[in-house]
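Student: Listed below are the residues making up each chain.
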Amino acid sequence: MNSTEMEILLVEDKRSDAEMTIRAIRKNNILNNIVHLKDGKAALDYLFGTGEYEGKDLNKQPKLVILDLKMPKVDGVEVLKAIKGNELTKKIPVVVLTSSKENPDIEKCYALGVNSYIVKPVAFDDFIKVVSDLGLYWMLHNQVPL
Amino acid sequence: MEEVLKNPGMPICSVFRTQHKAGHYIWLSTIITNLLQDKSVQAIVMNFEDITLRKRTEETLKKTIREVSDYKYALDQSSIVAVTDQKGIIKYVNENFCRISKYSKEELIGQDHRIINSGHHSKEFINIIWTTIAKGKVWKGEIKNRAKDGTYYWVDTTIIPFLDENRRPFQYVAIRSDITERKDVEEKQTRNYKEIKDYKDALDESSIVAITDQRGIINYVNENFCKISKYSREELIGQDHRIINSGHHTKEFIKAIWTTIANGKVWKGDIKNRAKDGTYYWVDTTIVPFLGENNKPFQYLAIRADITDRKKTEENLLQSLKETQNYKTTLDESSIVATTNQKGIIKFANDNFCKISKYSKEELIGQDHRIINSGYHSKEFIESIWTTIANGKVWKGEIKNKAKDGTYYWVDTTIVPFLDENKKPYQYLAIHTDITGRKKTETEILGLNEELERKVQDRTQQLQVANKEMESFSYSVAHDLRSPVRAMHGYATILEEDYSTHLDEEGRRLVFEIEYNAKKMGALIDDLLTFSRLGRKEINRSYINMNELVDSSLKEINSTLKSLPKINIHKLHSVIADSALITHVMTNLLSNAIKYSSKTPNPVIEITSKQDNENLVFSVRDNGVGFDMEYADKLFGVFQRLHSDEEFEGTGVGLAIVQSIIHKHGGKVWAEGKEGEGATFNFSLPARATDKPLEKINHIIELN
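Residue numbers (our numbering), protein chains in the order written: chain A, -2 to 143; chain B, 227 to 930.
It should be emphasised that the hints constitute simulated quantities derived from the structure, not laboratory data.
Given the structure is predicted, the values throughout are model-derived calculations rather than measurements.
Positions of the beta carbon are idealized from the N, C-alpha and C atoms, including for glycine.
It is possible that some hints are incorrect.
Per the computed footprint, the stretches of chain A lying under chain B, defined by three or more beta-carbons under 8 Å from a beta-carbon of chain B, are [what the hints assert, rightly or not]: (1) 15 to 24; (2) 117 to 127.
Computed from the model, here is a short list of chain A residues facing chain B with C-beta under 10 Å [claimed, not checked]: (3) LYS11; (4) ASN30; (5) LYS38; (6) THR95; (7) SER97; (8) ASN100; (9) PRO101; (10) LYS105.
In silico DSS-like cross-links for lysine-lysine, where the CA-CA straight-line distance does not exceed 25 Å [what the hints assert, rightly or not]: (11) B:LYS587 / B:LYS626; (12) A:LYS105 / B:LYS763; (13) A:LYS53 / A:LYS24; (14) B:LYS666 / B:LYS626; (15) B:LYS746 / A:LYS126; (16) A:LYS24 / A:LYS38; (17) B:LYS825 / B:LYS900; (18) A:LYS126 / B:LYS781; (19) B:LYS232 / B:LYS281; (20) A:LYS81 / A:LYS105; (21) B:LYS573 / B:LYS605; (22) B:LYS481 / B:LYS502; (23) B:LYS605 / B:LYS619; (24) A:LYS38 / A:LYS53; (25) B:LYS763 / A:LYS98; (26) B:LYS694 / A:LYS98; (27) B:LYS694 / A:LYS70; (28) B:LYS694 / A:LYS105; (29) B:LYS331 / B:LYS361; (30) B:LYS426 / B:LYS453; (31) A:LYS98 / B:LYS825; (32) A:LYS98 / B:LYS781; (33) B:LYS491 / B:LYS477; (34) B:LYS328 / B:LYS374; (35) B:LYS681 / B:LYS763; (36) B:LYS491 / B:LYS456; (37) B:LYS584 / B:LYS665.
Could you put together the complete structure from these sequences and hints?
Tutor: Structure representation (structure tokens):
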């Protein structure tokens, strides 16, 4: 598998968090293409070729989705539900990002088949550590049977 | 003389009496022979012989024989006569003998006396008779014989031996007289006497007996009298009854006794006497006057029976009767009382019953209790009352009744069945107490409770809403507050990483400060969230081995520390509590202990537990910096710290969380310490935690 073809979809409404996440990914020397979408609606359109992304090649799906839970319009849980509920996308590993472990949606995410979740730490260095510990595992070691 | 003359030659004997010339009469015996024909004689020859003496002897004999004959006749007529030979064989019996023995002469003669032996007398008795008469001595005595027809008769018997020249008896004459009647009378008398004696003995044995003369002076007392009065016979005889006077009876009472007996009448009654030792005794007394020929009493027989016990029982009975009466009166005064027959028909109702039911006695009596039925109670309830009391058991309960005017009243009721000999109730006694007031209060309390319950529910709902809000608030805080802090930290880090060469030392220090404070703020937010999360968490109790819990806490701490100080863990009590929460507590206390003793040369931490009444107390002691007891109350407040961040890092939330958890368990948390000498943090948990009471405590805490 050509690693340059790997694409990471980051769905995050907060600019700063997105920037930090991307920086953390890059810090791990992962140079893959990162697609950053700012809300759930856009993510669904992107994944299922609707709206803005109508006519998109649906066979070219991202290799990892990093999904923030609290977003305007369509939240992370709904996006996860759509991904895991569709034959086309259900095998894509999804790592959920959350601001706190208090989030009651975490339970729901597990029920929906999330592969992992990361509580965003305040300290950036910690953040880099968890991203490399958890998120990239799915990128580097977990071969997705496509 | 004519004969003499007519018979010549023939001697004629005759005896004649002639007067002696001395004047007295003499008897002459003559033999006269007419010899006139004899030529040689031609004379009448007369030979005289004085036979006066002989004649006299003859006459005496004749007289004696006649007399003896008369005697014999008289004897034969009057007595029972028998003659036996020396062997006892009957030779002669007279008529009387035959009459009494009912045997004929022929049957008797040739027999011995065994024919009439009654078997009454002993062998010895018979022997004595024989010995006596065989010796030639007369025997006298009374013999019981048996007649031919089997009847018995008594004879007074004299046996006379007739002796021969050798002074040996050759026959025996037995003269008997019939004494059967006398014997019967005697026997009867003996029997009567014996009977009387038996009575007397029995009386003596069973009763207290005294006999006085007509003045009342004691002439006789029996053992029982002495025993009960505790006086000796000597002390009593010669005294009158005042010696045992108890003083209990009135003068009139004593007088009445005397009047009765002095008039020859028997007196009966109960008397209280005093014994010599001063104790009292009661006697059931019968005094019988013995009347003389003039119908005046010459002595009195007093028969007494000890009835002290009976009297005591009577007195007790009287006392209990009085008490019972008092109870009854009191009951009547204090309670609402009614009695019914076994069918429930009211036979009696007291004033209180009338007062509360507003019915008159006349209206109630003859009715059953349906007259005051309120309709409040179920059929089953009424039936259960009847089942209980009809089975002879007491029923207790509360009943709502309806008065005549339609108002209701509540009574606390006890129904007691009165049982007959067959253990079947023949009447019921119902004792009621008016509890209308209490019932009203109860209803009010019930209402208040319901209201309170409602309020609690409302409040709980409000709390649940508040909790929900708190939850979303926490989430918002976590999500929204952490995000900008994270950004601050992130950008500061980027600045540090990418532009450090463009910054001087002061610039780098400021960037570091931003990073540090952002981090610190993140920690504060996280701790606050933990505090609020644990505050809302439900307690989930289980059995906890505290030693294991401490071990796992230390493992958790160890993963973030390079090295642990010396920690002495004693054998700890096990407890029932929320394992996760208590782990949090222990981790927090241990972290603190490690933290605050980290600057001490030889840090030692001690973990102990003890039972204190109903609580288990766990303590974590360190030899660290300690604290000033003046600020001890501030230790457990949120954001309260006794040390600066420079000294020891911290957010000031940890102990607040500890306190919240322990309070939730119904326990207490407190600390002891001294600056520079270490601190001891203690928490207590109920030793025997049952879920319910603790849940209640939780409830209250939540309400507060």
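Student: Run every hint past the structure and note whether it holds.
Tutor: Checked hints:
no. : hint                : verdict
1   : 15 to 24            : holds (count 3)
2   : 117 to 127          : holds (count 7)
3   : LYS11               : 6 Å, holds
4   : ASN30               : 22 Å, violated
5   : LYS38               : 20 Å, violated
6   : THR95               : 8 Å, holds
7   : SER97               : 3 Å, holds
8   : ASN100              : 6 Å, holds
9   : PRO101              : 7 Å, holds
10  : LYS105              : 13 Å, violated
11  : B:LYS587 / B:LYS626 : 20 Å, holds
12  : A:LYS105 / B:LYS763 : 19 Å, holds
13  : A:LYS53 / A:LYS24   : 30 Å, violated
14  : B:LYS666 / B:LYS626 : 12 Å, holds
15  : B:LYS746 / A:LYS126 : 19 Å, holds
16  : A:LYS24 / A:LYS38   : 29 Å, violated
17  : B:LYS825 / B:LYS900 : 16 Å, holds
18  : A:LYS126 / B:LYS781 : 22 Å, holds
19  : B:LYS232 / B:LYS281 : 28 Å, violated
20  : A:LYS81 / A:LYS105  : 12 Å, holds
21  : B:LYS573 / B:LYS605 : 24 Å, holds
22  : B:LYS481 / B:LYS502 : 24 Å, holds
23  : B:LYS605 / B:LYS619 : 19 Å, holds
24  : A:LYS38 / A:LYS53   : 15 Å, holds
25  : B:LYS763 / A:LYS98  : 15 Å, holds
26  : B:LYS694 / A:LYS98  : 16 Å, holds
27  : B:LYS694 / A:LYS70  : 23 Å, holds
28  : B:LYS694 / A:LYS105 : 18 Å, holds
29  : B:LYS331 / B:LYS361 : 28 Å, violated
30  : B:LYS426 / B:LYS453 : 18 Å, holds
31  : A:LYS98 / B:LYS825  : 34 Å, violated
32  : A:LYS98 / B:LYS781  : 22 Å, holds
33  : B:LYS491 / B:LYS477 : 19 Å, holds
34  : B:LYS328 / B:LYS374 : 5 Å, holds
35  : B:LYS681 / B:LYS763 : 23 Å, holds
36  : B:LYS491 / B:LYS456 : 29 Å, violated
37  : B:LYS584 / B:LYS665 : 19 Å, holds
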